[in-house]
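Take any residue in the sequence shown, note its place counting from 1, add 363, and you have its number in the numbering used here.
Check each hint, because a few of them may be wrong.
Okay, derived cross-link-like pairs now, DSBU-like style, lysine-lysine, Cα gap no bigger than 35 Å in a straight line [unchecked claim]: (1) LYS727 to LYS856; (2) LYS842 to LYS863; (3) LYS629 to LYS404; (4) LYS634 to LYS399; (5) LYS756 to LYS404; (6) LYS724 to LYS399; (7) LYS595 to LYS724; (8) LYS856 to LYS792; (9) LYS634 to LYS724; (10) LYS480 to LYS863; (11) LYS756 to LYS595; (12) LYS607 to LYS634; (13) LYS855 to LYS727; (14) LYS634 to LYS856; (15) LYS792 to LYS883; (16) LYS883 to LYS724.
What follows is a set of in silico ranges between Cβ atoms, one per label pair, in the way DEER data are often shown [unchecked claim]: (17) ALA876 to ALA778: 21 to 31 Å; (18) LYS724 to ALA477: 27 to 37 Å; (19) VAL533 to GLU881: 54 to 64 Å; (20) ASN715 to SER695: 17 to 27 Å; (21) ASP837 to PRO465: 32 to 42 Å; (22) GLN554 to ASP780: 20 to 30 Å; (23) THR546 to PRO875: 54 to 64 Å.
Read the hints as simulated data drawn from the structure, not as lab findings. We put the beta carbon where it would ideally sit given N, CA and C, even for glycine.
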Amino acid sequence: MSALVVACATTTQRSQDLVSRAVQAIGGADALTAVKTATVKGTVRQWEPEQSIVAGGEMRLANDSTFEMVTDRGAQATRIDWVRNYVYPATRTYTFSEIVTPDAGYVAGIDATARNKQSLESHPPAHAMSGLRLAATQRELRRNPNPLLREMFQNPDRVSAAEDVTVGGVAYPAVTYRAGDQTFTVLFDRQTGLPARIRTLDYDNVWGDVTYDLVLSDWQMMDGRRVATSRKYELNGRPVAEIKITDVKINVPVSAERLTIPAALKASAPKPATGAVPYQWVIRRQFIGTYLDSENPSYDARATSGLRLVEVGPGIQHVVGGTHNALIVEMSDHLIVFDAPVSDWQSNWTLNAARQQFGAKPVKYLVLTHHHMDHTGGLRAYAAQGATIVVGKGNGEHFRRVLATPARRNPDLPARDLSGTPIVEVADKQVLTDGRREVGVYLIENPHSTGLVIGYVPDARLGFVTDLWSPGRDPLPPKLTPPLAAVVAGVKKAGITPLKFAGGHGSTADYPALAELEGK
Numbered sequence: 364m365s366a367l368v369v370a371c372a373t374t375t376q377r378s379q380d381l382v383s384r385a386v387q388a389i390g391g392a393d394a395l396t397a398v399k400t401a402t403v404k405g406t407v408r409q410w411e412p413e414q415s416i417v418a419g420g421e422m423r424l425a426n427d428s429t430f431e432m433v434t435d436r437g438a439q440a441t442r443i444d445w446v447r448n449y450v451y452p453a454t455r456t457y458t459f460s461e462i463v464t465p466d467a468g469y470v471a472g473i474d475a476t477a478r479n480k481q482s483l484e485s486h487p488p489a490h491a492m493s494g495l496r497l498a499a500t501q502r503e504l505r506r507n508p509n510p511l512l513r514e515m516f517q518n519p520d521r522v523s524a525a526e527d528v529t530v531g532g533v534a535y536p537a538v539t540y541r542a543g544d545q546t547f548t549v550l551f552d553r554q555t556g557l558p559a560r561i562r563t564l565d566y567d568n569v570w571g572d573v574t575y576d577l578v579l580s581d582w583q584m585m586d587g588r589r590v591a592t593s594r595k596y597e598l599n600g601r602p603v604a605e606i607k608i609t610d611v612k613i614n615v616p617v618s619a620e621r622l623t624i625p626a627a628l629k630a631s632a633p634k635p636a637t638g639a640v641p642y643q644w645v646i647r648r649q650f651i652g653t654y655l656d657s658e659n660p661s662y663d664a665r666a667t668s669g670l671r672l673v674e675v676g677p678g679i680q681h682v683v684g685g686t687h688n689a690l691i692v693e694m695s696d697h698l699i700v701f702d703a704p705v706s707d708w709q710s711n712w713t714l715n716a717a718r719q720q721f722g723a724k725p726v727k728y729l730v731l732t733h734h735h736m737d738h739t740g741g742l743r744a745y746a747a748q749g750a751t752i753v754v755g756k757g758n759g760e761h762f763r764r765v766l767a768t769p770a771r772r773n774p775d776l777p778a779r780d781l782s783g784t785p786i787v788e789v790a791d792k793q794v795l796t797d798g799r800r801e802v803g804v805y806l807i808e809n810p811h812s813t814g815l816v817i818g819y820v821p822d823a824r825l826g827f828v829t830d831l832w833s834p835g836r837d838p839l840p841p842k843l844t845p846p847l848a849a850v851v852a853g854v855k856k857a858g859i860t861p862l863k864f865a866g867g868h869g870s871t872a873d874y875p876a877l878a879e880l881e882g883k
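Required output: the full structure, derived from the provided sequences and hints.
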């Protein structure tokens with residue numbers, strides 16, 4: 364027993380020594396506690412790895428942005444003024460501000476293409492952050508190394524020993540810090556004593572259990588404090604964001620008005636979410652400016668009661684009501700589903716709705732139109748039911764790797780080995796049949812994603828398309844755009860004759876109106 368007590372005391376002392384050394388390396392405890400306000404300016408570049416042209420290929424640059432962040436410790440408030448220059452999925456610039464407090468968050472201005480009901484109804488545009496976004500934003504603000512070290516130094520009871528963590532062949536001494544339901548593992552540079560990485564263990568809808576690291580380097584003196592001026596976020600070791608700190612000012616007075624959330628919005632603002640927050644979805648949908656700020660990642664909880672089924676043909680149900688759709692096709696003794704959007708939560712909803720509509724018929728095939736995260740994040744729920752995954756040519760290996768990764772942190776599905784899930788690649792076309800009804804899957808050339816497929820149910824003359832065209836949502840342009848031209852060319856090449864298309868976004872629309880644009 365005495366040896367155990369000594370060992371615990373030794374590891375506790377080691378943890379405190381690591382924190383104390385880092386505090387001294389930054390400038391000392393007095394310098395950290397003397398910070399009442401901090402104004403930080405910088406630039407950000409962000410990439411989305413699961414929106415690449417080729418599955419597992421080069422990441423899409425999402426945006427180049429600038430920011431100014433002001434924090435007032437006494438007011439317990441932070442304001443971030445953004446100029447976000449997006450280049451994907453479309454070129455646009457959003458200028459907006461965020462205010463974050465312990466119990467509410469606020470956005471002034473337009474910050475995404477997917478605006479929620481409160482933002483649309485506010486003039487000028489503004490809305491309270493969802494509890495999910497507030498929790499994610501609070502976590503990333505807390506990850507900021509200087510205030511985090513101050514917090515760790517002042518709360519040694521929340522610091523615990525951790526095993527050394529090896530990254531890139533280098534073993535880093537580490538400690539764990541817990542604050543509420545947030546846990547950070549801080550890795551320290553052996554030479555300088557400064558924090559090198561601040562890690563969280565997240566769940567990603569595609570890659571399952573992942574590490575999310577803030578990597579710190581290029582420490583410089585700024586206004587009397589040492590600051591990591593180069594910062595990178597790494598997802599499973601892959602850089603997804605680069606931050607350059609260009610200026611820091613300490614203890615510059617901040618007007619209370621700049622940090623005040625309007626009373627009308629604050630009164631009904633959600634508190635920060637707890638438990639299984641989908642951090643990666645919330646954070647990275649903001650990277651590309653498409654995050655729908657809602658308590659449910661799949662739909663705007665302020666505007667709708669939820670997902671629903673809409674019959675679009677005999678034995679064909681369109682899953683709509685959210686930001687991303689799926690299609691269910693009834694066969695004689697099984698079902699075929701197109702796309703598994705967002706998360707396993709949405710897939711579980713679809714599976715339950717299918718059981719209510721079609722009885723005990725299992726989903727035999729899940730057809731994934733392409734590999735992008737927002738249309739594939741719920742594939743594990745179907746794999747767990749025994750479905751065969753059907754994908755376009757060249758995407759099979761990607762999904763084999765995805766299904767082989769651990770997913771113990773999945774909040775919507777018990778962990779199980781899915782590495783043996785059968786996967787079928789469509790090289791040109793694939794006809795799925797029960798002997799009576801046929802469902803075609805066709806590979807088409809397109810500018811959005813290599814290996815993208817469209818679906819077609821001949822007896823209903825109904826097609827299914829994702830991202831290239833959002834039927835019923837976006838008005839047709841006077842001339843074909845490259846994505847729309849890809850749909851028309853793909854239909855001609857496949858030799859199919861659809862009257863309507865249902866979409867992975869939107870609803871349904873007549874196909875002839877699109878086809879008539881060819882040549883204009």
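Status of each hint after checking the structure:
For the hint pairing LYS727 with LYS856, the CA-to-CA distance comes to about 27 Å; that is within 35 Å, so the pair holds. Restraint check for LYS842 and LYS863: the C-alpha separation of about 19 Å stays at or below 35 Å, so the hint holds. As the CA atoms of LYS629 and LYS404 are separated by approximately 27 Å, the hinted pair is consistent with the 35 Å bound. Between LYS634 and LYS399 the CA atoms are separated by roughly 25 Å; this keeps the pair inside 35 Å, and the hint holds.
Restraint check for LYS756 and LYS404: the C-alpha separation of about 45 Å exceeds 35 Å, so the hint is violated. For the hint pairing LYS724 with LYS399, the CA-to-CA distance comes to about 62 Å; that exceeds 35 Å, so the pair is violated. For the suggested pair LYS595 and LYS724, the alpha carbons sit about 47 Å apart, so the restraint of at most 35 Å is broken. Between LYS856 and LYS792, the direct Cα distance comes to roughly 10 Å. Compliance with the 35 Å bound is thereby established for this hinted pair.
A C-alpha spacing of about 41 Å is found between LYS634 and LYS724, which places the hinted pair above 35 Å, so the restraint is violated. Of the pairs offered as hints, the one joining LYS480 and LYS863 holds, with about 29 Å between alpha carbons and a cut-off of 35 Å not exceeded. Proposed proximity of LYS756 and LYS595 is supported: the alpha carbons are some 34 Å apart, at most 35 Å. Distance hint between LYS607 and LYS634 is fulfilled; the C-alpha atoms sit about 31 Å from each other, no more than 35 Å.
Between LYS855 and LYS727 the CA atoms are separated by roughly 28 Å; this keeps the pair inside 35 Å, and the hint holds. Between LYS634 and LYS856 the alpha-carbon distance is near 52 Å, which puts this suggested pair outside the 35 Å criterion. Distance check on the hinted pair: LYS792 and LYS883 sit about 29 Å apart at the alpha-carbon level, within 35 Å; holds. With a C-alpha separation of about 45 Å, the suggested pair LYS883 and LYS724 falls outside the 35 Å cut-off, and the hint is violated.
In this structure the hint that ALA876 and ALA778 lie 21 to 31 Å apart at CB is violated, the actual value being about 47 Å. Restraint check, LYS724 to ALA477: a C-beta distance of roughly 33 Å satisfies the suggested window 27 to 37 Å. The given range of 54 to 64 Å is respected by VAL533 and GLU881, whose C-beta atoms sit roughly 57 Å from each other. For ASN715 and SER695, the Cβ-Cβ distance of about 22 Å falls inside the hinted range of 17 to 27 Å, so the restraint holds.
Checking the proposed 32 to 42 Å range against ASP837 and PRO465 shows it holds: the Cβ atoms sit about 40 Å from each other. Range check, GLN554 to ASP780: about 42 Å between beta-carbon atoms, so the 20 to 30 Å window is missed. Against the hinted window of 54 to 64 Å, the Cβ-Cβ separation of THR546 and PRO875 comes to about 56 Å, which satisfies the hint.
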